[in-house]
Amino acid sequence: MLAASVLPAASVPAFNDDEEESGIIPPYLKEGDTIGITSPAGYITLEAIRPAIQQIESWGLKVKPGNSIGKRDFSFGGTDSERAADMQQLMDDPEIKAILCARGGYGSVRLIDQLRWDKFKLNYKWIIGFSDVTVIHSHLCRNFGIASIHSKMCNSFPDDWSKAEPIQVDTILSIKKALMGEKMNYTVVPNEKNRAGIAKGRLVGGNLKTLESLCGSKSDIKTDGKLLFVEDTGEYLYSIDRMFWSLKRTGKLEKLAGLIIGGFKIKPDDPGEEFGRTLYDIVLEKVKEYKYPVCFDFPVGHQKNNFALKCNVVHELRVGPRNVQLNEER
Amino acid sequence: MIKTPPYLQPGDTIGLTCPAGYMSYEKAATCISTLQHWGYKVKVGKMLGSESQTYFSGTDNERLAEFQRFLYDDEVKAILCARGGYGTTRIIDRINFKKFKKKPKWIIGYSDITVLHAHIYGNYKTASLHAPMAGAFNDGVVKDEHNGKVIEDQYILSLKNALEGKKGKFACNPHDFNKKGEAVGELIGGNLSLLVHLMGTVSDFKTKGRILFLEEVGEQLYNTDRMLYQLKRGGKLDKLGGLIIGGFTDTKDTDRPFGKTVYELINDVIKEYDYPVCFGFPVSHSKENYALKVGVGYKLKVGKGKVTLEE
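Read top to bottom, the protein sequences are chains P and V. For the first sequence, this note's numbering assigns the number 1001 to the initial residue and increments by one for each residue that follows. For the second sequence, this note's numbering assigns the number -14 to the initial residue and increments by one for each residue that follows.
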């Protein structure tokens, strides 16, 4: 009797207030499972997520759009309370096996502290998204050590799948692979500015601006021994420089295993305010005293080639002269 | 105990440098002549009107070297940063404050210079001056051609008074969002973007029991909201003595409107707190920018009819 009562409890992972030692992998999905869709940040219509619903259903999964879809409070997908309630409901519903964020924008940070994690910690599931959803990835990683999927969201699914470009098909299908439990393996063309090397660690990261906005909060990531990936869009070079200083001055670059630079859509300098440094200069300057591998142009970011990455899961990064590989640990 | 650098005497020297962005000599000419008119000598650093072709007034090493030289130089009694822009972060960790700790002097500026204020207050418990920089003199000083008399506006004059050691006393108009009350505490603050940028770093600042002042320019409303959430989630807002909201000028919005004015969104973030709050205080990227001593104790009185901030 004693053994029987201890056994189920032991299968529940212990949670620290701070970070888990090893990543907790939510159960992968199988045919017939249900994905909930919610909008923790910007507003989106049911119409706009239909292509995503159709595509996901074609994978043999069921889709349940949450109450925040179609709701609107100016730029937000409903009020903070409405968005939080929707996320909470999907988190707590045992029928929902994964939660896909419909889009980014701005707003996740406004509801993250309203969420109750007690049920989720016992019944953890994949949360999917990027950009503003970096708040949720970071919070999950820092507080519970739970893995999540950094990938495109509903607003990136092509309206007409039959006319989709190969890169759109590949990137969307990478979400399916990640969700269904396939190991993620990426091989990309090397950039001449890369710094060669091999490193292994858990993947953490996301949108650089969002990561900076979490500094000093309980959702702030720790990066020691990890592979950090960052991407951003619409920022001036000086601002990108300042954000890399933030990474450095908050101790996030010193003990990395490796650094992965995704897409950076740079806002052109104003006339007379030319920054005079490239993204490469900015990054390499900050990491020159460290030895770990660095790769540029990894296909992650606000762009078509934005592949799914499993946050808080151990990967191996191989930056070589002929190619760059990022492989999930077998 | 907070250390207050010695106030200036007639004949003292002020060093003028650019630790961040480039500025031409012409743009600082009125500032230099006004400081001289006030009875100070001005040591103009090479970073002002330098040969630099980049965004910065010089390389990191050049900007650092000049700032360091002024810090070491016993003749220089105060360092006025001619302008902000961006760049102080790039050199802050390499500045040697060893001598400054023992023999502090006034460091003056705002915007990007917020980095210096927070760093010096947090690490060396020393007061500094959040105040108009060189460019502000162009709009704030008028020279009467007939008698050569110099007339400074109240904001430029507030810097003069601060340097002379006169205690600051400022008033501003009431605002509908103000929360009445009185608070006494050390002043900390500056540009919101820079303040959040320092969170989690060695230049991070404490706010408990203090009077925090914030100003911003040219920011997206959603980003301002995000920065306030960062302050809030970083525990910077819940235990304040009082809060001063300065100018949030030239705000920008997205195609899908944020739906609130900048003061409305600030008010929403802080509405749960009981400490006194005033909106529209003259500290900003506009002309309305009083010289405030970071680290020094002030009394903030937010009343029905008026708001005062008194050293």
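Hints listed in this document are in silico derivations from the structure and should not be mistaken for laboratory results. Careful, some of the hints might be misleading.
Taking lysine-lysine and the DSS-like style, the derived pairs with C-alpha atoms no more than 27 Å apart in a straight line are [unchecked claim]:
| id | chain 1 | residue 1 | chain 2 | residue 2 |
| --- | --- | --- | --- | --- |
| 1 | P | Lys1286 | V | Lys237 |
| 2 | P | Lys1267 | V | Lys237 |
| 3 | V | Lys(-12) | V | Lys145 |
To see whether the hints hold, each was checked on the structure:
no., hint, result
1, P/Lys1286 - V/Lys237, "violated (31 Å)"
2, P/Lys1267 - V/Lys237, "holds (16 Å)"
3, V/Lys(-12) - V/Lys145, "holds (20 Å)"
The structure shown violates just one earlier hint, number 1.
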